[in-house]
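Asker: As a plain string of letters, each chain reads:
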Amino acid sequence: AQSVTQLDSQVPVFEEAPVELRCNYSSSVSVYLFWYVQYPNQGLQLLLKYLSGSTLVKGINGFEAEFNKSQTSFHLRKPSVHISDTAEYFCAVALGYNQGGKLIFGQGTELSVKP
Amino acid sequence: EPEVTQTPSHQVTQMGQEVILRCVPISNHLYFYWYRQILGQKVEFLVSFYNNEISEKSEIFDDQFSVERPDGSNFTLKIRSTKLEDSAMYFCASRGGQGKTEAFFGQGTRLTVV
Chain Z
1 AQSVTQLDSQ VPVFEEAPVE LRCNYSSSVS VYLFWYVQYP NQGLQLLLKY LSGSTLVKGI
61 NGFEAEFNKS QTSFHLRKPS VHISDTAEYF CAVALGYNQG GKLIFGQGTE LSVKP
Chain S
1 EPEVTQTPSH QVTQMGQEVI LRCVPISNHL YFYWYRQILG QKVEFLVSFY NNEISEKSEI
61 FDDQFSVERP DGSNFTLKIR STKLEDSAMY FCASRGGQGK TEAFFGQGTR LTVV
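Chains Z and S supply the protein sequences, listed in that same order. Following the working numbering, the numbering of the first sequence begins with 1 at its first residue and continues without gaps. Following the working numbering, the numbering of the second sequence begins with 1 at its first residue and continues without gaps.
Worth flagging that the hints you see were computed from the coordinates, not collected in a lab. Treat the hints loosely; a few may be bogus.
Claimed, not checked - Below, a list of computed lysine-lysine pairs in the DSS-like style, where the Cα atoms sit at most 25 Å apart:
| # | chain 1 | residue 1 | chain 2 | residue 2 |
| --- | --- | --- | --- | --- |
| 1 | S | K42 | S | K78 |
| 2 | Z | K69 | S | K42 |
| 3 | Z | K69 | Z | K58 |
| 4 | S | K83 | S | K42 |
| 5 | Z | K49 | S | K100 |
| 6 | S | K57 | Z | K49 |
| 7 | S | K57 | S | K42 |
| 8 | S | K100 | Z | K58 |
| 9 | S | K78 | S | K57 |
| 10 | S | K100 | S | K57 |
| 11 | S | K83 | S | K57 |
| 12 | Z | K69 | S | K100 |
| 13 | S | K42 | Z | K49 |
| 14 | Z | K49 | Z | K69 |
What you are looking at is a predicted structure, and each value in this text was computed from that prediction instead of being measured.
Using the sequences provided together with the hints, build the complete structure.
Answerer: This is how it looks when you write it as structure tokens:
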């Protein structure tokens, strides 16, 4: 069965500092990988996705993630964070979309950016 | 920009009552989903719906739950007899056809069972 582990439940960081949010997944088959962001009192918004091809994926708001198959990881990074990046971040995996495409989410990482 | 719309944003109901959560997916999308997020926990898959039938459901989605797409635009989740543990944020999502990989989420409905 597929599962997703986000290793940090909370990540406090100062504004303009770099940040990495960690995500590991387990799956016996190829998966698609996603990062979603949830701002307070809002729904889930897609940040970026990995389907195939280049292992470094760039997303919105300056975020990027690197797919590492040998380590089964898909860590999210940003070189310089802003106060407005304060939100909950969810890593998710999906089976091939021929199988319906449900998402399996990690527990979430609360990113708190301080001035 | 097209978006998934959910109503109401917040619903309070008494234990044992039936609730219907409503969603308007993005027009021309073909796959529809319900997820829930209990406070402080991860987002969990409930059910997926395609071609007017359930394509997959989780263990959470027991006989108390049902989904319907009554008129080609709305997508509803009904909980027949609510329990306290049904209190959660419920998210609707939709996705385009084959090859479309992004699921678009609504803002959620916060259900509080008292």
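Asker: Verify the proposed pairing of K49 (chain Z) with K69 (chain Z), using a straight-line Cα cut of 25 Å.
Answerer: 15 Å, holds
Asker: Within a Cα-Cα threshold of 25 Å, do K57 (chain S) and K49 (chain Z) meet the stated pairing?
Answerer: Given that 25 Å is the threshold and the Cα spacing comes to 24 Å, the pair holds.
Asker: Given the hinted pair K83 (chain S) and K42 (chain S), is their Cα-Cα distance within 25 Å?
Answerer: 19 Å, holds
Asker: Against the 25 Å threshold, does the CA-CA distance of K42 (chain S) and K78 (chain S) hold or violate the hint?
Answerer: At roughly 21 Å apart (the allowed maximum being 25 Å), K78 (chain S) and K42 (chain S) satisfy the hint.
Asker: Take a quick look at whether K42 (chain S) and K49 (chain Z) sit within 25 Å of each other, Cα to Cα.
Answerer: Holds. K42 (chain S) to K49 (chain Z) sits at ~19 Å (cutoff 25 Å).
Asker: Would you check the hint for K100 (chain S) and K57 (chain S), treating anything up to 25 Å between C-alpha atoms as holding?
Answerer: 21 Å, holds
Asker: Given the hinted pair K69 (chain Z) and K100 (chain S), is their alpha-carbon gap at most 25 Å?
Answerer: 23 Å, holds
Asker: For the pair supplied as a hint, K83 (chain S) and K57 (chain S), is the alpha-carbon distance within the 25 Å limit?
Answerer: Within the cut-off at roughly 19 Å; holds.
Asker: Does K58 (chain Z) lie within 25 Å of K100 (chain S) when you go C-alpha to C-alpha?
Answerer: 18 Å, holds
Asker: Between the alpha carbons of K78 (chain S) and K57 (chain S), is the straight-line distance 25 Å or under?
Answerer: Answer holds: K78 (chain S) to K57 (chain S) is near 14 Å, not above 25 Å.
Asker: Starting from K57 (chain S), check that the Cα of K42 (chain S) is at most 25 Å away, please.
Answerer: 17 Å, holds
Asker: Just to be careful, I want the Cα atoms of K69 (chain Z) and K42 (chain S) compared with a cutoff of 25 Å; is the pair within it?
Answerer: At roughly 24 Å apart (the allowed maximum being 25 Å), K42 (chain S) and K69 (chain Z) satisfy the hint.
Consistency with the previously given hints is maintained throughout, with no hint failing.
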